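J.: Chain by chain, the residues:
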Amino acid sequence: MGLITNLKDSISRVTDRLFASAEPKRIGIYGPPNAGKTTLANRIARDWTGDAIGPESHVPHETRRARRKEGVDIERNGRSVTIDIVDTPGVTTKVDYKEFLDHDMEKDDAIRRSREATEGVAEAMHWLREDVDGVIYVLDSTSDPFTQVNTMLIGIIESRELPVLIFANKTDLEESDVQRVADAFPDHETVPLSALEGNNMDEVYDKIAEYFG
Amino acid sequence: MPETTPDSNDGVQIDLISGSRMAGLRSMEKIRLILDGVREGNIVILEEGLSPDEESKLIEVTMTEISPDDFSGIEIESYPRAETADQSFLDRLMGRESTKKLTVIGPANQIETLHKDEQLISALVSRK
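Heads up: the sequence lines are chains A and B, in that order. If you're matching positions, the first sequence starts at 5 in the numbering used here and goes up one per residue. If you're matching positions, the second sequence starts at 5 in the numbering used here and goes up one per residue.
These aren't lab readings, by the way, just hints derived from the structure by calculation. From a predicted model like this one, the values you see are computed outputs, not experimental measurements. Honestly, I wouldn't trust all of these hints.
Stretch-level coverage of chain A by chain B, calculated; a stretch enters the list once three of its residues show a Cβ under 8 Å from a Cβ in chain B [what the hints assert, rightly or not]: (1) 91-102; (2) 125-132; (3) 151-160.
Where is the CB? At the ideal position from N, CA and C, for every residue including glycine.
Please construct the entire structure, taking both the sequences and the accompanying hints into account.
T.: In structure tokens, the structure reads:
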């Protein structure tokens, strides 16, 4: 009897330790500039921790450093899923400081911003190759999804065999076309949402728990 | 036949790089070959493209080389990657990825994609 009790205790301790040591999954939020990645990251962080991750802006490359929010507990259907959110700069193959001059920026500020943006994109690529366990790929559903950057990034994510969810953002806008996004990446699940308005967030959290839990 | 050295004012140089030439290079050598050509204002066409990992490094290295009024990055276009169903299980197991896809790369300020679908890439190339 004592032997069985001891055995039960040992098994219990081992399983407790196993679950306790399970580190949160690092989920990278990727996508092109101005897709609404930071708005989504802030929405998730606010909903589950009460804090935001970073400032949102219409000016491209507002996020120029990967920002991390650790230990976000998402509860779904009686289960709790803990993730670290990594909000990454929008990925592109080109950055021209002159584009920022159109946003009422002085040349020096535009050059500084473009330099920071290039460093941020390089950092985002490094995170993708080394440091994320799953990816939320955010697309502006009012824009053409068939771009080279999207094709390349999805290819990179697939080659690393990372779980990926495609989020078709900005469904609150009239020009939103979720089906076009779904057609562009038929091998992956597409979830429509408006991170700004908080539309369809229940399904968003269901899918996060399902894919990354 | 001797190589000729073009006058850069005459037009745009296009380098078509064969798959066999790229196959003999390491990843960084491929990226250097591409970026050196593009930074000289050339359009580089790869017969067989890059692997996803190499594409990721190409973006990263490109970002480190962007400088104001000199180099604003690259424009890159390729056909969508062939379905992985084309690969055998052994190929995938051994990491032999199918990368055979024509890829066009040029300076961002000189090449503009006009149209792209699964069968046609149409681009406008201008001089510096």
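J.: Determine for every hint whether it applies to the structure shown.
T.: Hint by hint, here is what the structure shows:
Beta-carbon proximity to chain B at under 8 Å applies to 7 residues in the region 91-102 of chain A; the threshold of 3 is reached and the given coverage holds. Beta-carbon proximity to chain B at under 8 Å applies to 5 residues in the region 125-132 of chain A; the threshold of 3 is reached and the given coverage holds. Residues of the region 151-160 of chain A lying with their CB closer than 8 Å to a CB of chain B number 5, which satisfies the three-residue condition for coverage.
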